[in-house]
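Novice: Chain by chain, the residues run as shown.
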Amino acid sequence: MGRSPGDLLIFVLKRLLQLIPVLIGVIVLTFICTHLKLSGLCNAVYPHASKAVIDACNAKYGAPLLPQFVSYITNLLQGNWGASTLGQAVYPAIAADLPATIELVLAALFLMIVIGIPLGVIAAQYGGRWADHLVRIFYLSGWATPTYLGAVLAAVFIGPALGLPTRGEYSTVVPPFPQYTHMSVVDAIIAGNFPYTVDAIEHLILPASVLAFINMGIATRMTRASMLEVLPLDFVRSARMKGLSEFWVMYKHALRNALITTTTVLGVTAGGLLAGTVVIEEVFDWPGIGQYAYDAIGGGGSVANFDGAIAVVIVFAIGVVVANMIADILYGVLDPRVDWR
Amino acid sequence: MTDPVLIVNDLSVTYTVGAGTFYAVSDVSLEIEPGRVIGIVGETGCGKSTLAKAIPRLLPEPPATIGSGSIVFRGTDLVKVGRRQLPMIRGTGIGMIFQEPLNSLNPAFRVYDQLLEAIQIRHYREMGWVKSFQGGERPFDYSKPPDTTTVAGSLSKIIVPSGAAEEAVRDRLATRSQFREEVLSYLRLVRINDPETILNLYPHELSGGMRQRIMIAMALSEKPSLLIADEPTSALDVTIQAQVLTLMKELIDEVQAAILFISHDLGVIAETADEIGVMYAGRIVEYGPVAEVFRDPRHPYTKALLKAAPAHYKSDGPLSSIPGSVPNLSRPPSGCRFHPRCALARDVCKGDTPPLAPVDPAAPPESRHIHRSACYFQSEVPGLP
Chain A
1 MGRSPGDLLI
11 FVLKRLLQLI
21 PVLIGVIVLT
31 FICTHLKLSG
41 LCNAVYPHAS
51 KAVIDACNAK
61 YGAPLLPQFV
71 SYITNLLQGN
81 WGASTLGQAV
91 YPAIAADLPA
101 TIELVLAALF
111 LMIVIGIPLG
121 VIAAQYGGRW
131 ADHLVRIFYL
141 SGWATPTYLG
151 AVLAAVFIGP
161 ALGLPTRGEY
171 STVVPPFPQY
181 THMSVVDAII
191 AGNFPYTVDA
201 IEHLILPASV
211 LAFINMGIAT
221 RMTRASMLEV
231 LPLDFVRSAR
241 MKGLSEFWVM
251 YKHALRNALI
261 TTTTVLGVTA
271 GGLLAGTVVI
281 EEVFDWPGIG
291 QYAYDAIGGG
301 GSVANFDGAI
311 AVVIVFAIGV
321 VVANMIADIL
331 YGVLDPRVDW
341 R
Chain B
342 MTDPVLIVND
352 LSVTYTVGAG
362 TFYAVSDVSL
372 EIEPGRVIGI
382 VGETGCGKST
392 LAKAIPRLLP
402 EPPATIGSGS
412 IVFRGTDLVK
422 VGRRQLPMIR
432 GTGIGMIFQE
442 PLNSLNPAFR
452 VYDQLLEAIQ
462 IRHYREMGWV
472 KSFQGGERPF
482 DYSKPPDTTT
492 VAGSLSKIIV
502 PSGAAEEAVR
512 DRLATRSQFR
522 EEVLSYLRLV
532 RINDPETILN
542 LYPHELSGGM
552 RQRIMIAMAL
562 SEKPSLLIAD
572 EPTSALDVTI
582 QAQVLTLMKE
592 LIDEVQAAIL
602 FISHDLGVIA
612 ETADEIGVMY
622 AGRIVEYGPV
632 AEVFRDPRHP
642 YTKALLKAAP
652 AHYKSDGPLS
662 SIPGSVPNLS
672 RPPSGCRFHP
682 RCALARDVCK
692 GDTPPLAPVD
702 PAAPPESRHI
712 HRSACYFQSE
722 VPGLP
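So the sequence lines, in the order shown, correspond to chains A and B. Under our numbering, the first residue of the first sequence carries the number 1, and numbering increases by one thereafter. Under our numbering, the first residue of the second sequence carries the number 342, and numbering increases by one thereafter.
Be careful, since some hints might not be right.
[To be verified] Some chain B residues well away from chain A (every beta-carbon gap over 10 Å; in silico):
no. : residue
1   : T357
2   : G386
3   : R521
4   : E523
5   : L525
6   : L530
7   : L561
8   : V579
9   : I581
10  : E612
11  : E633
12  : T694
13  : S708
[As the list claims (entries may be wrong)] So the derived label-pair ranges between C-beta atoms look like this:
no. : chain 1 : residue 1 : chain 2 : residue 2 : range
14  : A       : S141      : B       : G423      : 32 to 40 Å
15  : A       : V186      : B       : Q584      : 53 to 61 Å
16  : A       : L228      : B       : G376      : 36 to 44 Å
These are computed hints drawn from the structure, not numbers from a lab. Note that CB positions come from ideal geometry on N, CA and C, so glycine has one too.
Bound-form chain B, shown alone (with noise of 0.2 Å):
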């Protein structure tokens, strides 16, 4: 398997309001590889927008820290990044698409502007005429010497033209209309059929559909190597949330970007997910392969949720839902968070964190990848009704 995109090494994020400290997320660990999937489910206020927001360092710091733990993003650790140098990484380097589409274009620019900066960001970056960063072993280091590959490389030639460089600043030298085609073309892919229109209209004159359409096209455009979809379905009506849904994993086939896909939803995760994280009060309850976390579930809190998940038909009788409440993380319960409401709870549970650990016993437990469960008596919960 290829070296993984990020590497998230026991993150714990706190946010302090006023005397009271949040663990909105502690001590979680995933890793990404080019081309994968991963999903992460949990109810609201469990930090998966936190640690969604976290990743790229967008949370504004303060109020939220990041108490511990690593982002280890293409081979640099993402948390001792200066301030002046994140710009560099996001874009680029990682991409988001938000839960907020209504908001999340600038009212006051037309479509093509928006879409035309996030090109002109990737294409001034690929030419090195500012500064980026794309991971690897120098990360901020980019005075490469001038060859004719770059336009400006090709400038310095100018002075004494050959043919050579003549062709590769013709070839190279994006005019408008190249801009102009690759906005088109990315708006195509997200299949807006009248594109030429779309194109000169401000946001507020676009459906909700249309302006996450553009978000993705928008955050496409700049071949980020990790995509971070934050509920990128959520705030739609759900036939346009289907709609979107159906671009998404069509998308997720031709764009060769690890994607760290955020959702309380189980089924939109079920859909376009090859792993899958439970996130509840801040931590990972239960990670695995998409296929295994759904057919054996082996946290309580896993198969819980996907117990109460709404079926098709009345006729399959009430609802179900889960006893309790969702604990203040101003004061996280001790040991196992999830004991309060859990029928398998006993006193071992209320004092240290059970570890996430293998389901299969014969399994490497260092390994990211299988199945694996933060529970205790993990082995009881197929027999949970």
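Chain A with its partners taken away, still in its complex shape (with noise of 0.2 Å):
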């Protein structure tokens, strides 16, 4: 084993590998969750229909659990996703929401990390000093605020207080553009429209730095801890008496081997954004997959989709796992003690 770009292959196969047991387990789990009692769903979906419609419905859902469960895998083995209760397909749904979500959630990640990790490194250098306690202050008051209190506040308040707007992608529901990627700001790009760059980037502020505000905490606390761990090092002081200024043995040596510990624990945390964006994409009325988790889970009064809350927690479980492979791909790239294993 070692650092060569075959071991990393190898390194990313493995990490692939490792994925489907997860992926098994977590569908055995969601699909019991969803199926186990379904006695009244035709009934309860369908109240004033008549007793052939109940009566197919009931032919698809009523079944023992275990034929039902063989059938859903195979189909999914087939790429056949499934369908909502309603008869919508899963596959295109999802395909279409998720780059909103990643978009979001990539956009959350970036404020974290040019905000949140500068942040940790001046906590760090003034331990102790009242930089450090604003900074404190700054990160647990977006630790503590719950996801749909900060979303609403933000939507109420501060948005309408600084021109941002709070709802959707853009400010026309259909852009006069073809969406390839479905990440608003990249189709606005890619069609060279640059008002609507701009547009689609101002709607992205407000839902982004909310969901960053309330993670940030983990990535200021983390560089925090791992500089105090890196500065009484010698190499700091070697660096130091090179005649380096302050800034630059801050941010270059001692920041450097402070992130290896930051990368990892953004690596999970960026899984768990991917959850976090169920409410924030409801309040910002993002067209997401957090939007679709919603309305599968029979959030706002819409009738539940159970296909589509199986395929809603597959995504997020491949996204946890590939945050996290990013995070060690990273991890040894930034350490180079490491190797890829």
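Dock the two chains into a complex; use the hints.
Specialist: The structure is reproduced here in structure tokens:
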């Protein structure tokens, strides 16, 4: 085992193989949870339907659990992700919604990195002094904010106060250009439409900031803790003695070593951010997978969509595993003493 | 004799830890001229490392405090220099080699990048691209009028190109390959046989001796006018110690820096230094040319220290040791700090601190380079067993 590109490839393949048992477990669990108690479902969904419709429904959902599971898995393996109770196919909906969520998560992650990590450095540099306390107040208030509360406050007060839009991806529901990637900013850039790019970024700011603010504590706190571990080390003193200014000592020599821990934690958080989007997307009307998940479990008076719920959980599980894998790859990139294995 | 690079005057350093104050360095005075090597010896905890780190102001303040005294480096008192200007002295002005070679290199960067950084710092300062400080009358004023000998000056002339200016740019603008050559030359200077391979390695792939050589190369590549070596060989194996020491001795002749060599090993100091200062409990108790101090020690502590140095053979009898232990520096003994362990101690030793007085009564008392001892009864020391 070593650090060549070949080793990296083997590492990635191994991690993807480990994904299989994770997915099987996730599918079995969600399937059981969603299908265990469905006796009165068809009557609930179609309260005024004719007996024929209810019988057809019962034929689909009233069967014993095991045959249902076998048929679901068989379909899934053939690429058929099923359909909602109302008959809307799951796969196209997810394929269109997931990129918007990824865009939101990446934007939040970007903010956490460019704001949260320097704040951690500042907190460590002035450990125990007022700058440290201010930073702690900032990230703890984010941490202590419930997602729904932060999102609603931002949408109701902060957005209007700053003149930022609080609903959707664009000011018009359908933009006047094709959506290849379903990421609002990327699509606008591909179309070369500058006003829409600005519009898309403005729409992204508020939901991404709320998501970042609530989760920033972990980045700041980890950076601060590992910086405090790194700063007393001998190589920091040698960097100072070289004649480097305090800025380069901190952000080049010390932070480079402190980032190794922060990256790992950010990887774990990134997976969690995916799930954190459910409420935020609902509040900001962001057309992502979080909103789809909210509807799939019957939120907001919609009809429960079991195949959709399982699909969302599968996608979240893949997201968490992939985010961790990326963090592990970066870990090896940042720390030359680590082999990919 | 040329002007001293460094004059330390009555320097006192204390550490405040909790409610206690530790008097780590008390009233130390030193002078180092270019090309001279001054050795400082003493037991662990006698304040010699604190002294080494106090000179480039590397001690974390707090807990350390420079209580009194001055550190005059090329005409500027470093005690009065502001925090933001301190980096400008380090590296090119005062270089340092540390005791812990295993951890002194950044584990995340290749050897090449770390050496390159040092060379670039020196280069940019020489070019006047960044502010630096080498001492002198106008220490921090680098607003030189543009001239063709700097790249910045040359660039101003490129707008109206003349042959001379273009040539100056070509000569002075160090390219990547020139930097690489310079890095390689410093690795060869510290006797690394295979510099091309070493360049691409990370510190954890190198042995302790190799890492210390690279630290030495890094310090030298900035061409400091004062080099402080803080126990550079103490953490190494005996054989590697000998190699690094031989290297240091050869390099001392090659570089024209003033060197302050800190060690607890009398043999190391005897081999490298021109003058020696013996420290005990934060004070210099004896000072003088190496040969004189070793031949005719005039402080009971130096005498005991020389006697305690291990001889080469078992047949020489058991190792001798100094009775008692190093005093707690939060409550140092009154008067001469060695008196509780001293065979010559009398009442007067408990009263006032004995001054560092010349051994030869005819010598001028203010001279810093003659043999001096801080003992009231220094004439009786040769009679001690």
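Novice: Hint by hint, note whether the structure agrees.
Specialist: Status of each hint after checking the structure:
No beta-carbon of chain A comes within 10 Å of the beta-carbon of T357 (chain B); the shortest separation is about 15 Å. No Cβ of chain A approaches the Cβ of G386 (chain B) within 10 Å, the least distance being about 19 Å, so the stated non-interface status holds. With 10 Å as the threshold on Cβ separation, the claim that R521 (chain B) sits away from chain A holds: the shortest Cβ distance comes to roughly 19 Å. For E523 (chain B), the condition that its CB be more than 10 Å from all CB atoms of chain A holds, with the nearest at approximately 15 Å.
Distance check for L525 (chain B) against chain A: the nearest CB is about 19 Å away, which clears 10 Å, and the non-interface claim stands. With a least beta-carbon separation of about 17 Å from chain A, L530 (chain B) lies farther than 10 Å from that chain, consistent with its non-interface assignment. A cut-off of 10 Å between C-beta atoms confirms that L561 (chain B) is not in contact with chain A; the least separation is 12 Å. Under the 10 Å C-beta cut-off, the non-interface status given to V579 (chain B) relative to chain A holds; the minimum distance is some 22 Å.
Under the 10 Å C-beta cut-off, the non-interface status given to I581 (chain B) relative to chain A holds; the minimum distance is some 18 Å. E612 (chain B), annotated as away from the interface, keeps every beta carbon of chain A farther than 10 Å; the closest lies near 25 Å. No Cβ of chain A comes within 10 Å of the Cβ of E633 (chain B); the nearest lies about 33 Å off, and the non-interface call holds. For T694 (chain B), the shortest C-beta to C-beta distance to chain A comes to about 32 Å, beyond the 10 Å cut-off, and the non-interface label holds.
For S708 (chain B), the shortest C-beta to C-beta distance to chain A comes to about 32 Å, beyond the 10 Å cut-off, and the non-interface label holds. Taken as a hint, the range 32 to 40 Å holds for the pair S141 (chain A) and G423 (chain B), whose Cβ atoms sit roughly 35 Å apart. For V186 (chain A) and Q584 (chain B), the hinted distance range of 53 to 61 Å is satisfied, since their beta carbons lie about 59 Å from each other. For L228 (chain A) and G376 (chain B), the Cβ-Cβ distance of about 42 Å falls inside the hinted range of 36 to 44 Å, so the restraint holds.
Violated hints for the displayed structure: none, as all numbered hints are satisfied.
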